[in-house]
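One-letter residues, chain by chain:
There are 2 protein chains.
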Amino acid sequence: LLALDWGTTSMRAYLLAGPTQVLANRAAHMGIMHLPDGGFSAALVSLCGDWLQRYPSLPILAAGMVGSAQGWREAPYAKTPAGAADIASRLSSVEGPMGRAVHIVPGVISTGIVPNVMRGEETQIFGACALHHGLAAEVRRLIVLPGTHSKWVAMRTGRIDNFITFMTGELFATLRQHSILGRLMPTAEHGDHADSHGFDLGLATAREHRQPGLLSALFSVRTFGLTGHLRVEQLASYLSGLLIGYELLEAKSTFLNGSAPLPTPVLLVGAGTLCELYRRALPQFGFLPHQDNLSNAAGTGLWMIAKAAGLISTNHESVHA
Amino acid sequence: LLALDWGTTSMRAYLLAGPTQVLANRAAHMGIMHLPDGGFSAALVSLCGDWLQRYPSLPILAAGMVGSAQGWREAPYAKTPAGAADIASRLSSVEGPMGRAVHIVPGVISTGIVPNVMRGEETQIFGACALHHGLAAEVRRLIVLPGTHSKWVAMRTGRIDNFITFMTGELFATLRQHSILGRLMPTAEHGDHADSHGFDLGLATAREHRQPGLLSALFSVRTFGLTGHLRVEQLASYLSGLLIGYELLEAKSTFLNGSAPLPTPVLLVGAGTLCELYRRALPQFGFLPHQDNLSNAAGTGLWMIAKAAGLISTNHESVHA
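Going down the list, the sequences are from chains A and B.
Here the first sequence is numbered in this note's numbering, starting from 1 and rising by one per residue.
Here the second sequence is numbered in this note's numbering, starting from 1001 and rising by one per residue.
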């Protein structure tokens, strides 16, 4: 399988012989907003032309913003609840280089007071379910993908049951770079999350200042600096803790009823540094983090969806072989 | 009195013969971050040199960021509860042009789970109290100064009892200009708050999505656009309504106990367009807006503080003469 994780800013390609058998992988700064002249087809040839020539019957499956209205071919959202089979039955297709079909994974939409959407995360999630023994079979499980737009996903018997999006990472970056709060902070030398005292105070403020709420708590980044409670080098970590703290409060009100911790651990999927921050924060808000993080499950997810769609025929193989 | 409202970006000067008797007023883009060479003294001469020469004994009183650590002379915060007399007893002074003393109004600080500070707003507030019949005498009253950093101020018998700051305006501007949400919005032709349907839907989402909360509600700016619930021209108004809605929810949890409306109206002090948005929103969250807005009460406030400090001696005069 030629598996493509094709997002807004970058494109990653995996040549797969099985769910975790990566023969080769490549990445380029050719996300859908950074395409070369010639567009999608040219980008694919530029990154993977030799693979396409060497394997003339290689199936191609792509996930991510490549399936959005601004992408190569729109793949309309699948509604929750959605499992790998539901997703696999709704692939879109477009003619790619050398007349080859490129199949595109749809995103997922959930409705509620406000709609929620994902594109690409569903593939990470089905990858995570395949990589973790028994995850698909568990009745209920929370998977968290922290990041620019953090996703909290409630799984039920292997399907995406519902989910919610928090703009935590984008709000952090925007306030850090463009607000008065950011102007109080020196340029990061060791990363913005390196001060554990500042980070923990941010988490504590979120808990204690749950009401009123975030809009007023944000001003404390300024006043804790003014009053000497925090040094300027600690303010970015404090802001990070504050925002992650409010994310966890909102997630708690969404997914936890009462004060009992969730019976099964929360699985974190994402970059290691960020997952470690969430691992530190989760128990302070009544969540149990799973002992492992997963850094990237997109390739495995694409394999699982391709298999469910009948794009690849394989002998019986185990993910954990 | 030479009354100076001297903030971060601009400086306004009033030549006053009484609390509302403005003989002349001038403004310049000479806030503390935009000073001419020669600094504060040169800026004052440049804007008001002729007044200083014509009135050799004219007292000078300044309020705003000019009294901050980055200002001309730091005027340490007065603690709540703080009335005009408390403020007047804590003026700082610095030698200005021609050896003239420039007196500087301190800001106000309140403590709590997080500290809150104001600088300049206290002067607007004492001006508003003087301009509004009976406001000072009322046992409790809420004054709201919407803006970049909205202030909600609880007055008790004419003193600032406690207050809270919401970063509503700054968050709107930052997200509008620098986030993915802003990139979905076309450039504003008629102002970002002109679509009343979008604004009202933002208020409604805040009420209905009170829990989980703001971090997840923000993503609805994107999804209501994606799903066709709102046109792109409505998204900025929707974001404005959403943020003001959460401000009102947080204010409600701070100042209102139970569901009964506040017995006396909320007085809005600020720019007319913004005050009208709050006037529209307040009743939907259990607040009664006062029938009048005040657009600028800084001159009157400086007069009241100067009088309390003994900087000016006047015959008995009425604000409402």
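It should be emphasised that the hints constitute simulated quantities derived from the structure, not laboratory data.
Since we're looking at a predicted model, the values are computed, not measured.
C-beta: ideal position from N, C-alpha, C; glycine also.
Any given hint might turn out to be false.
Computed footprint of chain A on chain B, listed as stretches where at least three residues anywhere in the stretch have a Cβ under 8 angstroms from a Cβ of chain A [unchecked claim]:
hint	region
1	1078–1086
2	1242–1255
EDC-like mimics (lysine to aspartate or glutamate), calculated; alpha carbons at most 20 angstroms apart, straight line [what the hints assert, rightly or not]:
hint	chain 1	residue 1	chain 2	residue 2
3	B	K1307	B	E1276
4	B	K1307	B	D1086
5	A	K252	B	E1208
6	B	K1252	B	D1200
7	B	K1252	A	E208
8	A	K307	A	D86
Now for the hints, and whether the structure bears them out:
| no. | hint | result |
| --- | --- | --- |
| 1 | 1078–1086 | violated (count 0) |
| 2 | 1242–1255 | holds (count 8) |
| 3 | K1307(B) with E1276(B) | violated, 33 angstroms |
| 4 | K1307(B) with D1086(B) | holds, 12 angstroms |
| 5 | K252(A) with E1208(B) | holds, 17 angstroms |
| 6 | K1252(B) with D1200(B) | holds, 18 angstroms |
| 7 | K1252(B) with E208(A) | holds, 17 angstroms |
| 8 | K307(A) with D86(A) | holds, 12 angstroms |
Violated hints, listed in ascending order, are 1, 3; each of the other numbered hints is respected by the structure.
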